[in-house]
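Visitor: Chains as they are written, first to last, in my numbering: chain L, 414 to 716; chain R, 414 to 716; chain B, 414 to 716; chain C, 414 to 716.
Quick caveat, the hints were computed from the structure, so don't treat them as lab data. Check the hints yourself; a few may be wrong.
A pair holds if it fits inside one copy or across any two, identical chains being indistinguishable in the list.
In silico lysine to aspartate or glutamate, EDC-like type, Cα no more than 16 Å apart, as pairs [said to hold, decoys possible]:
hint, residue 1, residue 2
1, K480, E682
2, K480, D689
3, K480, E572
4, K480, E675
There are 4 protein chains.
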Amino acid sequence: MHGFRTDLAMEAFDGAQDARPCGVDVHRWEEGGVTLTEVVVTTDDAARALGKPAGRYLTMESPLLKKRDPDVRNAMATLLSEELSRLLPAWDGRSCALVIGLGNRQITPDALGPAVIDRTLVTRHLSDHLFPLSDMRPVSAIAPGVLGVTGIETMDVVESLVKLVRPCAVICVDSLAARDSARIGATLQLTDTGIQPGAGVGNHRRALTRQSVGAPVIAIGMPTVIHAATLARDALECLGKQAGDVDLSDAEHGLPGTALGEMIVTPREIDALIQDAAGIIAAGINRALQPELTDAEIAAMMD
Amino acid sequence: MHGFRTDLAMEAFDGAQDARPCGVDVHRWEEGGVTLTEVVVTTDDAARALGKPAGRYLTMESPLLKKRDPDVRNAMATLLSEELSRLLPAWDGRSCALVIGLGNRQITPDALGPAVIDRTLVTRHLSDHLFPLSDMRPVSAIAPGVLGVTGIETMDVVESLVKLVRPCAVICVDSLAARDSARIGATLQLTDTGIQPGAGVGNHRRALTRQSVGAPVIAIGMPTVIHAATLARDALECLGKQAGDVDLSDAEHGLPGTALGEMIVTPREIDALIQDAAGIIAAGINRALQPELTDAEIAAMMD
Amino acid sequence: MHGFRTDLAMEAFDGAQDARPCGVDVHRWEEGGVTLTEVVVTTDDAARALGKPAGRYLTMESPLLKKRDPDVRNAMATLLSEELSRLLPAWDGRSCALVIGLGNRQITPDALGPAVIDRTLVTRHLSDHLFPLSDMRPVSAIAPGVLGVTGIETMDVVESLVKLVRPCAVICVDSLAARDSARIGATLQLTDTGIQPGAGVGNHRRALTRQSVGAPVIAIGMPTVIHAATLARDALECLGKQAGDVDLSDAEHGLPGTALGEMIVTPREIDALIQDAAGIIAAGINRALQPELTDAEIAAMMD
Amino acid sequence: MHGFRTDLAMEAFDGAQDARPCGVDVHRWEEGGVTLTEVVVTTDDAARALGKPAGRYLTMESPLLKKRDPDVRNAMATLLSEELSRLLPAWDGRSCALVIGLGNRQITPDALGPAVIDRTLVTRHLSDHLFPLSDMRPVSAIAPGVLGVTGIETMDVVESLVKLVRPCAVICVDSLAARDSARIGATLQLTDTGIQPGAGVGNHRRALTRQSVGAPVIAIGMPTVIHAATLARDALECLGKQAGDVDLSDAEHGLPGTALGEMIVTPREIDALIQDAAGIIAAGINRALQPELTDAEIAAMMD
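Please put together the full structure from these sequences, using the hints given.
Guide: So this is what it looks like as structure tokens:
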């Protein structure tokens, strides 16, 4: 909308909340201490305006999430698991779900995806004849790394793995950027629109969607950072409204330091926050993918 | 000065660079691709105005530091080692230097101190009869943790260790906050004023200084973060200058999110940056404390 | 007994199980799927023979612990908490418990103590006037490092902290060595004899005991390694029994490699095992030290 | 040979050193303080006898490697780089080298491969038009994880990546098992026989060889562990030679503990040793793959 960068659909039009774009439906309700917001982008025009593919985006928010409140943590995992269960296809007794942890393991606020992979119950390799007799469903999980670390486009790696595994569903987990500092570490977003790195930049070849995969592609993310430039711009815009007609970009250039573009705003305790959130997301995924197993059985099978 | 939080003496009056406070001397020069700035706070009035104890502050800066330029890295380590050597007392053949890594190992941008401790050559425990015969000097190193993790005031732990070890010199390493984003990961500050957590808040009991210890207390730090509120305030101030008379605190409250106070601005690659900087600082410390050993001998003794 | 190194009292006479030394009482029972063994060393002669100070040693064992069985994990934490509660003094409304994590954070199988510290609820720094009004009890926790890393005797650091904090109880957590591979990661040992690094070597100055501290000193440990030389010797002894009179030390020298003395035997999954065990031990400690808080309240207070 | 497990070709016949198998050539020499041993397996019979594919195995050994001796470290990196350069094809100006880090990042002694990947200079993603004009050669690097963590056969993932990248050379790095404790952390093995997990078990489908890839497949490894059962068996065999005819398997069953099969023997300082070795191996790989870049240029490009 204004050059602000956010990965949350609900923030894409926050700046103009009163004037919610045509073609965007929003519902908000509460459940177990968690605020749910459903944003449905219904038209291509709205998708372009928001820079998000058409489809459904569900966010779950609670400020208590950051406080490690065990009730809210459990409520979030349950909501996530229920929502995932609705999106997953009925199991055919054979096919495998593929969980993909996007992001860079070496960069703390980008490590959410790999951290979830570390906690996902992986079962595909358990003797093949186990399925479909067992109560367990086959699951694979991998963190494919990022372009800067592997030299290979992440989407190329993911596509290779999809071809290899031929999953009945793909679940991608990633760290997100937000605009509102109160949402960092306090919000999960779930969408069935697939993953489209470069969406909005006009590069649609690499999208991983239900169409391209032939199976649902569900993305789960949590905002872990604000881009520093977005924060600065927000500060400027705020004041701009008061001050009337001033040149924002001039002011931006006046900020001390030139390295802002590469910097992020994040909570001091981001290391612990990532580990916590990974636990919740993995619990939601494990419950949804293994509906016949109890939490205790899932825990006992991890190693 | 203006409610901006910075641990760099050179930034404490940046906002009013043209009007450098009385009682503050500044010299700037270049050496091996590194810009050195010496700030000497000579009067109590100046100390109060800057919120920094009187004494000498030396910063070494190079934008290439973040780029892992090996020449600049080596130049920094050498400059640091030379400067430390000047500040250390002549060795009496017995007493021990104590290196203290301040900060929280579990919080990436706060982990510089502990990371330096992990790379410091520790020799005090090598058979006592080795000294003073050997070319090595006795060195201890410890990361005492932080109040929130131990429940014990860091300064209390440090004072206990000082009583125990009775060092001939104390070197403290810590992560710093800066104002200018270009200085994050690009600047080292060295000072002989000791460490005074709570300085400026009027709490002087806990200061660790040459007076309280009876030996030089040298602090080395690198800025790893900007406080998010400082960045927002800087953005607002910038614009304020253009826009004339507007109420900054009003604008500040208009920023999206209320959690800004606990957030930090930091480079995405902070994990790697901390490890890199720890290597440089430890190299500087090891060379200064073991003038009779080559880099290779120091490396070979680490394990 | 035979040059075998074990930190478990129950293993100190395993080699001669039939001939349990005079002055040693042993009881074994089961509770919640966990086997408990109480070894009481009642005489100085027995203490010398076993190389363990006189006192009470309680081990809790279950092979399911390694398998992450949630019921056994919870049963262990509960047993540990109950046992600790019995050993802790009635709380006087003021004094602080001090939890000490021995071992080296950088060496995986030695990192149990520091990992427990990372999960211990620390409260001593919460505003002093909170106590004794609150339901919470003041707790400090610290990992003092090891001699090779700090250059300072661990016991010297611990004694300094004891002087500083004047605790009403000290709980030390450490990684142990065992003889029986089945006990690695499957056994907790709890003792009220304090910690005596160098016990058996005749160095009694550094012991941290109820006498030296004036408060209970409780040690909790889990075996994480077997010394490779112990394993080799056990293998040799086994065969020796069959083969009759052969020279064990000759055979030992025939083993490929000379570096065995510095090597350890440990499970491949030791990294995960340490983290798991740290969670159980910390749960036991937190419950015992905060009897007025629920598990959920404890979790919510950690950050 | 005797049920002993070793990944070092030079150890596969150590037990019968005097009786080196027919079809195996061995040469030993010294260079820069490093002992080099070349084992060439020339016949299928010898390959079967040794349980190693026919081909050339080069080991570089120095006890000083574990001691972090900088000269030996540098000599090793240089030898490795020279040897790799000989095995790599002349560069065609376009094709990419693919470095694969085998092993499990979460298990310390198995993390060598991933740790090398973290230090490999990756360049394939730098703007395509850079090549072939630039002095740099395109390199990709990835750690594909292990079956137990991903649920996908490692070889399947690697084959997918090979199809995707179509490399001109594959370099695989892995942790190895040895028999002789003196070789742990002190030995590198390099071979051009490719990687054949399951070799010797008769499973040849998954081999990654020059034939299957159409490009050289070079494996680099360092022993990080001895299997505990191998150590015990070696101890028993040693004694067996003295004691005459005894039943080794009986004795083995007499060893305390039943969990030995899953245990490993490793140095206490394995965490540091892995990081050190990864630095040396990555230096060797980076130099060989980027012959036009200096060490300093390589370091400056890493981030």
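Visitor: Any of the earlier hints contradicted here, and which numbers?
Guide: 3
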